[in-house]
Each structure stands twice: as structure tokens, then as C-alpha cells.
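Got chain C sorted already, so can you dock chain A onto it with the hints?
These protein sequence lines are chains C and A, in that order.
For the first sequence, our numbering begins at 1 and goes up steadily by one.
For the second sequence, our numbering begins at 1001 and goes up steadily by one.
It is possible that part of the hints are untrue.
[Stated by the list, open to error] Within a straight-line C-alpha distance of at most 30 Å, the following computed DSBU-like cross-link-like pairs (lysine-lysine) qualify:
1. A:LYS1112 to C:LYS58
2. C:LYS75 to A:LYS1132
3. A:LYS1112 to A:LYS1132
4. A:LYS1115 to C:LYS58
5. A:LYS1189 to C:LYS134
6. A:LYS1115 to A:LYS1053
7. C:LYS26 to C:LYS58
8. A:LYS1202 to C:LYS26
9. C:LYS75 to A:LYS1189
10. C:LYS75 to C:LYS26
11. C:LYS75 to A:LYS1115
12. A:LYS1081 to A:LYS1189
13. A:LYS1202 to C:LYS134
14. C:LYS58 to A:LYS1202
15. A:LYS1053 to C:LYS75
Because the hints were derived from the structure by calculation, they are not lab data.
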Amino acid sequence: MADLLEIDGISAAYGRIQALSEVSLKVPEGAIVALLGSNGAGKSTTLNTVSRLVPVTKGRIRFAGEEIQSWASHKVVSAGVLQVPEGREVFRDMSVRENLDMGAYRRSDAAGIRRDLDRVFEYFPKLQERLQQKAGTLSGGEQQMLLIGRALMAGPRLLLLDEPSLGLSPVLVQQIFAIIERLNKDGLTILLVEQNAAIALGCSTYAYILENGEMALEGASAQLRQDDSVRRTYLGG
Amino acid sequence: MAVFALPPFPDLSIGPDMDLQLALIFLQQGIASGLVSGSVYALLALAIVVIFKTSDVPNFAQGEVFMAAGYVALYLFVFQKMPIWVVLPATLVVAFLAMALFRRFVLDQVAKSAKDLVYLVIATLGLSYVLKGLVRRTGFGDTPRSFPALVPTDSIMIGQASVTMLDLAIFGTAVTVMAAFFWMFNYTKTGRAMRAVGMNPKAAQLVGVDLRRCHMLIWGLSGVISAIAALLISPKILMTADMGSIVMLAFAAAIVGGFSSLPGAVVGGFVIGIVENMVGLFISSRAIVLAPFLAILIVLVLRPQGLFGGKLTIKKV
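Only chain C is shown next, with the shape it has when bound in the complex:
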């Protein structure tokens, strides 16, 4: 399968602190690829370089064949790369409906937007019930659903999911990951950043492990699950 996203030897820095050095990874079209690692390993930074919030100092990023490492962030969104950020980054004082409308900010095809809104309600019936509620008053799980729904409203080709399990109860984590797998079955390519390695390796086909801004390990998820060092460090035995 062709690679939808290809990160080729990118480096990035915050001031003098080197955050990523020569990181490479590939996400084939239609796959779920996991990017694992401990806190501060550079997982979110990697996603932010793709979303063009963090500049790269070296290397190339290709999406659907085009080099995007010097694009503006809104252009990347128009091309279909949507990040679902960690940490409840909803528009708090807006209603759920307005948040979803913001997701479609760069689109003007009313019929397509309408169709995607119905699709979001299919995945997340709860959002439809809370349409007029302020996003800031939703529970943690509902906010996570809203974030995914907002990204879906942009009509994405690639979803960059940043720690979707963060701060959620095990039951909610199950629900969210069930939906992630459903989205993938329905044709969406996903790059998944997680600290919860067990669940991420469970739903992905291929995985990368970052350590201190460098790629430490990669392999098929099924194999990494059997790997002794991975079991010790990331799976708790």
C-alpha cells in the first residue's frame, strides 16, 4: 500500500532544547500506526510538526506525495490532515454545535458538511443530545468525543490522534478505541500517539517507539507485543 504520510529524518527544537532528532516514520494508506513512548519523548511534537505548529529544522514531511514541511497549518488542514489534540482542547464557551461547525471551517460544500454532521452523530449519538450545551461543561469522555467529531467535520484523510485515552476511565477508553477502529474500517488512516502501549499495540498494525526525541524501535505491533524489552518498559512486565 502507498504511504499516505511519510516523515523523513525530521528534527525540531524548542529554543535551544532539541526535541526531535532525525525521526522517520511511515503511515500507509488505510492503516492504524501507533507512536509510543514515555512522557516527553517527543510524540506530541512529532504530531505538531505534521500539523505545522512546530517548525522543522531538518528533514521532510510528505503527505499524499506532496512535501508539506513548509506549509502553513491551515493549508495542511485543507489537504485533509486533522489533529485531535490531547488535553480537552475544545472551544469551551461555544456550544457543541458551534464546535462541530468550527471543524468544517475550511469547507464550503454545504451538502458534504451536512452529511459529515450526520456521520458524527452516528458515531457519537451523545453529541446530538448535547448539541446546545457549552463544550466546557461536557464530561471528559464527551469532550474527547467532541474533539474527534470536530476533526471528522473537516472531512479528513489522515487523523493524528494525540493520547485519546488520557484521563478517561477504562470503560470510556474501550468505547473510544472501539470508535477509532470503526473509523479506520470506514476508510480513515490514523496515526495514534499513546502512552497506553497495551491498547495501542492492540489496535494498530505497525508501531514506532520514541525515546528522548529519537526513534528507538519499530516493528509490526504483534511482534512488539512479544518483545521482551518492550514488555518490560511499556507493558509493565
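Chain A in isolation, oriented as in the chain C frame:
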């Protein structure tokens, strides 16, 4: 700072024995005059708050933008003898461009090299001096002038308050402009993006808002609102290069309203205008200068978040 408070009577206020009849007349006059000067404060407060909400920066050059816009209009109309239907849109366009370009080429540059917001605030102070300096250099500000009134200034009575057609035009235009702005901010796609940027700039970028363009638009519109305020009030006052100092009253209005609430800024503007006129009529015209600060003090003691501010929250850093 008392330039806009125009006590219609000589200072014959005072006295516990001021009779009820007179007090009622004063009351009506104070409200009428207060709504007129208040509409200018409200416009400027709106211009300040919309920037603060989205950029977290109090723009200390707002008064000078207001002043400079007044002089642009004066220059085109009085010195270049251009027709008014050219002067009005030209002034608004100049104000829009000046603010949008300042945002793009000064603030974005400063923000790139310095993370701290203080530098941006200092940059707005810089702009205020540049504009004042420019106007002083042209020499048009040397003699205080008035912009010719476009609406008759004949008095008419509303109840027992005396106002002019010009006053009514000022109030009516200001309210219309504010209503149009609210509509844009709350019910259009562009306005929604502006609110999104104010709430969460990162999330706004992640859904594809062009942050730079959005900020330019906001600063430009804020310039337009200030220019409208200048066009409205300049027939009533003597213009000088220092007339921008009335921005203090707009800041007072913004604080009274809660500083991050647009309706709050508008209500705050009218409150400050009315308080100022009441103090002038009932106490002394010499006390007018104190009125806005008194209003701030009272509001902040009784309701620290301002009249329209949300619950007090601690911002995460």
C-alpha cells in the same frame, strides 16, 4: 478629559436645597448627554476589548488611532476639499489598513522573537507615540479645530433634556455600528473563528483558522470602529493631537464591563458617560475627571470581575 461632558447649564448645581424640579431636569439631561458621550466611549471600549479577547493585549494605541483617524478625515475634507462620500470610506480604509499592517508587520514580528506579552504591549505604546508624532509633524494639530458637522446642530427637546440632531445621529450611528459588529461576531463564520481564536488559538489553528489573517482582520476592524468614533465626535470637540487621551475613559468602560465582554464594554461605556455627566451636573464640573475612576472603584469593590465578566477563573500558565 472632560472634553465630552458638556454641561448645558452653567455650574449652578450644588446645595441640599436644590429643588426636585431642577433635579429631575438634571437627571434627564445627564442621561441624554451621558448616552451621547457614552456611545463614543462604548465604541472605543469595544475596539479595545475585541483585541484583548483575541490577542490578550491591551492596545494602548487605541486612543491615538482614534485621534489619527480624525485627522485623516479632517485633512481629506477640509484641506483637500474632497467630497464627504469619499472622505468617510477613505478614513475607514486607512484606519483598517494601519491597524492590520501594524498587527502583521510589527506585532507578529515582536511575538516571534519574544514570547512574553509585555513586549507586545510596549509595541502598542510605541505605536501611540508614532501616531501622535506624525500628527504633530504635519502641523494640523497645532490649532485646535473642529470637524464641520454634517448634521444640523439645532437643539430639540426630548422630555426635559435638550439634545441636538447631531447628538441623535451620534447615538444612532454608534448603536447601529455596535449591533452590526455583534451580529458579525456572534452569527457569522468569520466571527465564530474570531471567538475561537480568543478561546483557544491552538485549537483554532488545528481546525484550519489562519491565525495571522484572523488577527489582521480583528485589528483592522478595531481600527475601523475607532475611526467611526472619531468621525462621530469630532464635530463636537476641538481636535488636538492629545484628544486620544479619552481612551482612558474607554479603558474605564472596559474595566467596568469586565474587560473581556463585548456587551460589557458597551454597557460600561454608557455607564461611564452617564456617571460623568451626572457628576458634572449634580456635584461640580471640576469633579468630572474623577468620575470614571470612582465608577471603576465602586464596580471593582462590589463585583471584581466587572458587570459582565464571567466567574473569576485562574488562568493556567
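Please write out, lowest number first, the hints stated earlier that are contradicted by the structure. 2 and 12
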